[in-house]
Amino acid sequence: MTKVSMTVNGKAASGEAEGRTLLSSFLREELGLTGTHVGCDTSQCGACVVHVNGVAVKSCTMLAAEAEGAEVATIEGQAAPDGTLNVIQQAFQDHHGLQCGFCTPGMVMSAAALLKDNPKPSEQEIREYLEGNLCRCTGYHNIVKAILAASGQDASAIAAE
Amino acid sequence: MYNFEFENPSSIAEAVAALAEEEAQALGGGQTLIPTLKQRLAMPSKLVSLAGIAEMKGVSIADGMLTIGGGATHAEVAAEACPPLAALAGQIGDPAVRNRGTIGGSLANNDPAADYPAAMLALKSTIVTNNREIAGDDYFQGLFETALEEGEIITSVRCEIPEGANYQKFVQPASRFALVGVFVAKYADGVRVGVTGASEEGAFRWDEAEVALNSNFSAAALEGLALDAEGMMADIHGSKAYRAHLVGVLTKRAVSAV
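Sequence order for the protein chains is A and B.
Using the numbering used here, read the first sequence as starting at 7 and increasing by one per residue.
Using the numbering used here, read the second sequence as starting at 34 and increasing by one per residue.
Treat the hints with care, as some may be off.
Said to hold, decoys possible - Dumping the calculated SDA-like pairs for lysine to any residue here, alpha-carbon to alpha-carbon at most 20 angstroms: (1) K9/A - N36/B; (2) K90/B - A46/B; (3) K71/B - V44/A; (4) K157/B - A221/B; (5) K71/B - M7/A; (6) K157/B - D96/B; (7) K9/A - K79/B; (8) K71/B - D47/A; (9) K71/B - C46/A.
Derived from the structure by calculation, the hints contain no laboratory data.
Let the sequences and hints guide you as you build the complete structure.
Take a look at the structure:
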């Protein structure tokens, strides 16, 4: 075991990790940040998406040791300290962008990464960006609506087909 | 995963020294290697991360030559390389995978359905390692087989920028790899056609198509040309004949789009 240190949601965080410890395991088991979900553990589903140095990554397919010294952002850091949801989270609630909620942390983190690079994405761009995030409940329409709304665009035109 | 030591060198020389150890393995972005380790299909004693090596980063274009650091991510290639290769990189995996996976890692792995090999064959590439330069035409040696020696690292890749080029990928939507992919590049001295995802012997150049396109660069020149289905891969997603047919269709589409 070696000590791994990183900044998580703006605060210094450190813990013990083996060489093989995944970033997702480190966040959940060592730091207690269980908002990052592990769905498939094979980098297909995207429930484990977090940001490392500002870009979205699948934390189940990155070693904790690889994040040494990095700035990591997880779903726990998205709402304001008083619990007020951020604009993306609020849009997911307003547009019913989740049902069981298991994929939602990864969806919100992917959406945040998309909107950082592309503040007004088209419906097509949103769907393409979410290629690596699987939701087995919603059929994606309401997730796409939520992200359109969070970007300040009219989401009413997106109809379930 | 079996456990291993983790090392994070900051220079090529340190990485080469670390990889000299028995059972040490280089780690690029880990987007293939980490899933492989999870399945216990490999048991390295030590992983040597190449991610912290500044001299292996970056994408640059100068004097008709594109140079990409071996540690450049697919996202960086998609943002900074010449347009046809950038478009190819932007179709690899998904956005989160592209933020970690590297061109050097992908080329060292040489998955028979990976996208880059088709481009490297078409773009007159040179694979640069820590101790030599390998012509792209000599580099790919079969399924997951390359000209790399044990412990050798891809430090950069150079490609000659063509007059025009296009990559057509028939996506296998579950894996997001290419069911078949064809990269066509047109140079003043001839056309090159790189094919991935099709042959049992890995990525290859389609010589007959190149000859036909050299005399007439149009999709019509490819009419009647057919690859022998015998050497093609087959799985539940596509038979040998289907893959051979797709190579023809995608080559025509690529030529029309150049």
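Hint check results:
1. K9/A - N36/B: holds, 16 angstroms
2. K90/B - A46/B: Answer holds: K90/B to A46/B is near 15 angstroms, not above 20 angstroms.
3. K71/B - V44/A: Judged against 20 angstroms, a Cα distance of about 14 angstroms means the pair holds.
4. K157/B - A221/B: holds, 12 angstroms
5. K71/B - M7/A: holds, 19 angstroms
6. K157/B - D96/B: holds, 15 angstroms
7. K9/A - K79/B: holds, 17 angstroms
8. K71/B - D47/A: holds, 9 angstroms
9. K71/B - C46/A: Distance of about 12 angstroms is within 20 angstroms: holds.
When each numbered hint is compared with the structure, no violation occurs for any of them.
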